[in-house]
Amino acid sequence: MIMKIKTYQLGKELDSFNYQQVQDAILAILENGDNVVLDMTACNYVSSTGLRVLLYSKKVAASKDLMLYLVGISEEVQDIMNVTGFDSFFDAFSTVEECLSAINN
Amino acid sequence: MHRVDLFPTHEYQGLKLRQGRPYPFGATVVGNMVNFSVYSRYATDCTLVLFHNREEKPFVEIPFFKEFRLGNVFSMIVFDLDYENIEYGFRMDGPFQPQEGHRFDKSKILLDPYAKLIVGRDVWGKQPNWDSIYPYRARVVFDDFDWENDLPLETPVNDLIVYEMHVRNFTCGAAAGVKHRGTFAGISEKIPYLLELGVNCVELMPVHEFDEFENSRISPVDGRQLYNLWGYSNVGFFAPKAAYASSGKFSMQVDELKTLVKRLHANGIEVILDVVFNHTAEGNEQGPYISYRGIDNKTYYMLTPDGYYFNFSGCGNTLNCNNPNVRDMIVESLRYWVTDYHIDGFRFDLAAILGRDQNGNPMSNPPLLESLAHDPILGKTKLIAEAWDAGGLYQVGSFPSWGRWAEWNGKFRDSIRRFLKSDPEVLADVKERIIGSPDLYASQGRGIKASVNFVTAHDGFTLMDLVSYNNKHNEANGEENRDGENHNNSWNCGCEGETNDPNINRLRHQQVKNAISLLMVSQGIPMVLSGDEMGNSQLGNNNAYCQDNEIAWLDWNNLEKNADIFCFFKRIIKFRRLHKVLRYEDHLRHRDYRNLGYPDFSWHGVKAWQPESGYNNLTAAFMLNGQYADDNGLPDDFIYVAMNMHWEMHGFELPQLPQKCAWHIFANTGMVAPEDIFEPGEEPILDNQHEVLVGPRSIIILVGRG
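Protein sequence lines correspond, in order, to chains A and B. Just so we're aligned, residue 1 is where the first sequence starts under my numbering, counting upward by one. Just so we're aligned, residue 106 is where the second sequence starts under my numbering, counting upward by one.
Keep in mind the hints are simulated off the structure, nothing from the lab. A few of these clues could be false.
Stated by the list, open to error - Quick look at which bits of chain B chain A covers, simulated, 3 or more residues with Cβ under 8 angstroms:
id, stretch
1, 126-138
2, 247-255
3, 349-356
4, 585-597
5, 733-739
As the list claims (entries may be wrong) - Computed cross-link-like contacts, DSSO-like style, restricted to lysine-lysine with a CA-CA straight-line distance of at most 27 angstroms:
id, chain 1, residue 1, chain 2, residue 2
6, A, Lys12, B, Lys121
7, B, Lys485, B, Lys685
8, B, Lys295, B, Lys354
9, B, Lys121, B, Lys213
10, A, Lys12, B, Lys284
11, B, Lys231, B, Lys213
All C-beta atoms, glycine included, are put in the ideal place defined by N, C-alpha and C.
Here chain B stands alone, though its shape is the one from the complex:
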C-alpha cells in the first residue's frame, strides 16, 4: 500500500514542495522529504532559507505560501533534498516594536529553536567568520542510531554516586593520556578510570550547543584568551555542542555523544545532563539575533511591561518558561534527550526560575515543574533542581516536587564545610545533613532521595582548594576578583595556597579525607566534583568558568602525587556501594521498631548512647544498624562513625555489639596511608572493643560484623 500524499503540489525555483505537517516542530526527514515546521505567534510572514554546506550565500529562499500556514505554525515539505548537504534557517517578518515586546527583523536569518544539529562552532576555539549572515546553522538529523538493547539504566536514586564533570576539563590536560582530548570520545577512553573510581553516574556540565567565544577576552594576569568554558548559555536546546565531539568537524556529534552514552551504560554508568533552561545566549537588548529573539521574542522571553528583558538568571535575559509554548519546547527537549540519547536524568541550572510566572513572580504550583514531574516519557528520569536563582529565590527544602524532584542540597555543603573548619555553631545542623536532611524533606514525604549531597561542585573551590585557601583568587578571570562566591567556608590549614610545609600538607590531605568521608557516610545522593579524587587544584580560583587552560583542566599527574587521596576515594566509594545501610531511600526512625535489639540509627557522643557527651559541639558519633537494611534477606553490618573536629584527640566509648560481632576498623583519617583506609571487606579487627581514640580533626569509621 503506498501513501497518496507523497507527491508534490507546488514548485519553487525548481524545488518540489507541498503543505507540511505542523507537528513535530523542527526539521523531520520522511523518506525523500524533509518537513520543516516553525511556530511564531506574532510573525506575519516566514521564509525558509536553504544553504549548501558551509556556503556563505543561500541557494534558495522559499516563502511559506498561505496554504502552508495553520494557526500560528508555518510548515512545508521540500522534496528530494540532499539532506546531508543542507543547512537551513528562517527569516521572520513582523513588527519591530520593542516596547510591545516584538523585535522582528527580516534581514536576519534565524536558527530553528528545535534544531537538532547545529554547525558553525565545530572545532573548539577556532575563530568563526564574524561577518557571517548566519553563524549558527541548523542541519537535518537522520535519527537512526542503533542502540541495540540499550535503555536508560533506571538505577535506584539512592544507589547513585554522582560524578560532576566537564567534557573539556576532564581530558584536556596533557597528562590525560587519551587520543581525543577534551571530547565525548575522550570520556569514552576514560571509562576504565571511572570504573576504578567506582562512580555509577556522570553528570555532564552543559553539553547543549553554546558559543565558547561569548564574552571572550584576554586575561589581565597572564594574557591568555578567556572563553566561555562552562557553557551555561544555550544556543540550542536540542543540539549537542559540536566542538565537544572529536568528530564535530564532520558534524557527527550526535552519533559521538550517543555512542558515549551507550558505552557508559554498558559499564553501568548513568548519564545526567546539566541543563540550562533559565536563559539563552542572546543576552539583553544589546545581544545578537540567534534564534528566539527573531522568531518570537514576546513568546520566548520574560519581558518587563515596557519590553526590556527580565534578568533573573544574571545573564541578561530570562527564558519565559511558563509560557505554554516555551513550556512545551522544554518538555519536548527533555523528552528528546531521553528518547534519542537515552539520558538518565537532568540537573536543572537555577531551577527556581522555572517556577516563576510570566511576570517573574514565584508560583505555588508551577505548571512546568508539574508537567515534568508527571511526564510519561520522563517517568523514570532523575530530576534534580538547583533550587535557587540569581533573583534571590532560594527553595532548598521547598522546591515544588510532586514526589519526583530532588535538590542540590546547598545546606549540606555549607554545614559540612563549617564543621570541617571546627565551627562550634553548626553541629545540630550537621546532624540533620548526615541523616538525609529530614528537617528539609521529611514533612513532605520526599524522603532521603530528595537530597543530593555535596561538599564541592563546579561553582566554588575544588576540595583541595577548600582546604588550601581562605579567600578566592579569581584575578585571572579579568573582573578584579569581584566574581565568584565570597562565602566559601574554607580554611587554608595555616598558609594561603601551595606550600612545602609537610605538616600543613598532611593536614590538608586529612581534611580532604574528612570531607569525602562525611559525604559518603551521609544519607542522600552523594555528588563528587571531578578531580577532587586526585586533589585537583584551581590555584584558588573559585569560578573557573572562563579558564580553558590548566587552571580548570584536571592535572592527571596528581593521580600519582596524591595517590593516598585517590586510594581513599576509591575505597570509601566502594564501601558505600557495599553497604546498603548507608543508602536508605526514606528517612530513619531512630527506634528499634522491629525489635532487633538496636535502633535503626542512633546518635552517640564520646560516651556510647549519650549524644550530648562531647567537646564543645565538635565531636559526635553515630551508629547504623545493618539489620534494618537487609538485602534479599541478608542483613548489612553495623557501621559506627566517630567525628572529631576538635584540634585535640578524644576517646570515644564504643556501643557494645551483639554477641559474636566485633568492631573492625575501615578508616581513620588521622592516620597516613596505608593505615588511613582499608579495602572494604578486609578491615582488621580492633584491639580495643570498648573505646577508640580519635585524633585531632579526624574521622574514624568502624564496621561491626561477625
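Pulled out of the complex, with its shape left as it was, chain A reads as follows:
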C-alpha cells in the first residue's frame, strides 16, 4: 500500500506569533487522513510553544495511525530539541527526498 503523504513547509520561525496557523494546517492534513512530512529546512528557531505544536501534532497523528516526519532540521533547532528532550519523539531526515525514499522502502 502506498502511504498518503503531504509535505508542509515551515517558515523561518515557529513561535507564539504563528503557531496557530501552523497547527491548523498540520491538523487539516491529518484530518484528511494523510501523513505529514514537515519540511523545516528554512526554519532556524522553534520556541517553546513551537516545540509543543510539533509534539501535539505528532500525538494527534499517532492517535489516527498516521506519521509525522521532520525534515531538514537546522543545527540550532536540533540543539534546542535535543537539550529539551523533544527530539526523542520524532523520526527525522535530512531532506524530503531522503524521507520519502525511507518511507517507501
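Assemble the complex: chain A is given as a structure, and chain B must be docked to it using the hints.
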C-alpha cells in the same frame, strides 16, 4: 458540557478580566486564561504589571479591583494573553514602617514569590541592565512536559551512592569534552561517565534562580571577576536557574532541567536538590527589593523586635520558615519540584534554621519539619538535613526526624579525617562512624539510613587538597584568607601544595584511597564530592564559592593523570553496590542472633576476636558476616577490613572462615596500581589465610567466600 465561567466580567484598557481563583498562588494557565494570584497580609493595594518580553516598559498595569480580593489574597484572570510573550510582576502598596516590619514601596515592581520561570539572568555572567525597573521577571509556564512513564525512582535509601556536584563546575573545564559546557545539558552528556563511576544519585548544588553577580568583585590575586558561583542565595523557590540551561537564552530552562532528570532516571540515577530555604538574595536592610521584602516583609522574614533582619544564615536575612504562610510556600515549592520535576530528594542547607520559631528560638517539634516528614506528596522523597546553622545551633544526631529525616553526618567527616592523619584520640569515635553512628541514631530508632556519611563536601577541601594542604589558601577569594573553615583536620603529607616528590605524591594517592575505602565500607549513605574520583584540586582553596574558573571547575585531564584514583573509586563503588552486607538499613547487633556461627558484625584487632589488641589506637579491624545480609535467599560474602593508620607496618591475624570459604584480597591501599584494587568478583585468593601484613597508613579489604 461547557463551563459557564469562561466569560470576562471586566475590561481594563482593552484587556478582558474576571475575578480570579485565590488558589493556587502564582500564575496558572487555564485554556485562554491566565490566573494571577498573590498573597500579602499587610498590603493595602496591588497592581498586576504586564510587559511584553524583554521590553523595559510595561504595556499595562491592571489594578486588582475590590471584588478581586478575597481575604488577604489578590487574584485575577486575564483573558487572551499571548502567554509566551508576557512577563509579569506586582506593585504592592502598604505602609513603609521598618520598625513595625513593613517595607512596602509601590514604586518597585516585584517578582511573584511563586514564579515558576524567571528571566533576566539568562546567560551566565552576561551583564544585565543594572538600571532596569524590573530585573528578574516572572513568566508563565505551560507545564505539559511529557514524562512518559517516568517517576521518582524510590531507590532504597541505604542503596544510594550520592555524588555531590555543581552544574557549572562539572563540565565548564576545557577538557570536559561536552558541547554544552556548564549546563544541565552538559550533565546529560556526561551520563555515561556517571554510569562508569557507578554512582546512582546526583545531588545538585542549588539550581533555583539566583544572581551570579551578587557580591561580585575582582580577585586581588589574579584580577579575575569573582561571582556567586555556588548559588546559595535564592531569588525564587520555584524556578530553575536560567543560566544553567544551554537553552536559557530561549527561556526553555524548565524543559531542559526536566529532560536531564528524565534521562538520569532512565539510567537509574536519582536526583537530589540542595535547597536553600534559610534566606533569600534580598540581603539585609541595605539589600535590593526583588520580591518578598516588597510583597510582605513581615511575613517572609524573621525580624528583631525593632524591625531589623535576624541573621542566622550568615547571609543578611533569615526566611521566616515557621510563619504558617511561609511554611506553606516551602511545602508548595517542594511538592512542585517532586510533582513537576520528579525530583527524588532534597538536601536542606542550614536546616537547623527551619526549626527556629519566629523569634529565632529552636523549637522541640518544629511544625515545618513535621509537615515535611508527613507530607503525602513527599511521602517517599529523601529528606536530608544539614543539621546546623550559622547561628550556633548544631543538631547532628538530634535533628527532629519523625523517622523520615537523614542528616549530613558532620561527625563522620571530622573523625575519619582525624583518623587518616593518625590522630590516636579518635578510634572509639571512628568505630561508631563505621557502624552507622548508633551513638547518634540508634536510640531514636532512626537506623543507619539516617546517616549521610562523607569525608569531603563542597564546603571545605577537596579530597586531594585534604591530603595536600595543612592550611586553607583562600587569598583569591578577596577576603584576606579569613573566609572558609579553619579546622580542616587535613595533613599535607610533608609538603604544602603541589610537589614533584614521588614519595609524597604516592602517599597522597594512598591517603585518598584510604579515605574512599573508609567511606565505602562504612554503614550509612556515602556521599562523594564530584571531582574527588579524579583527584581534583582547588589549589588549597577550601571555600571556592566565588571561583568561576579552573580553581573550582573540574579538570578532566586529571582522569588520565590520576587514573589509579579513578580506577580505585570505580571498583570500590562497585564493590559496595555488589555487597548488601555493607548497606544495612538498621543498626547491627554484634551478636550471632540467628546461630549462623558468626555474629553479624565483629570488631577485631591485630589479633582476631581481640579488638583491644593493636597499636596506640591507630589499628583496628572488623568483619561483616554476609549470611546476615542475604538477598533473595542468597547470602552475601564475609568482608574483613584491616585499618592501619600507624606509620609502621603491622600484621593482622585473620578470623578463621567457615570450611570451604577462603579469604580473597579485594584492596590494599599500600600497594600501587594495579595491585591496589581488583575487579569485584575477581579477587585473587590470599596465600596466607591466617595473617595479613598491613603496610604503613594502609587499609586492606578482604572478601571471604567459597
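A quick look at each hint next to the structure:
| no. | hint | verdict |
| --- | --- | --- |
| 1 | 126-138 | violated (count 0) |
| 2 | 247-255 | holds (count 3) |
| 3 | 349-356 | holds (count 5) |
| 4 | 585-597 | violated (count 0) |
| 5 | 733-739 | violated (count 0) |
| 6 | A:Lys12 / B:Lys121 | violated, 32 angstroms |
| 7 | B:Lys485 / B:Lys685 | holds, 21 angstroms |
| 8 | B:Lys295 / B:Lys354 | holds, 22 angstroms |
| 9 | B:Lys121 / B:Lys213 | holds, 25 angstroms |
| 10 | A:Lys12 / B:Lys284 | holds, 25 angstroms |
| 11 | B:Lys231 / B:Lys213 | holds, 23 angstroms |
In terms of the numbered hints stated before, the structure departs from hints 1, 4, 5, 6, listed from lowest to highest.
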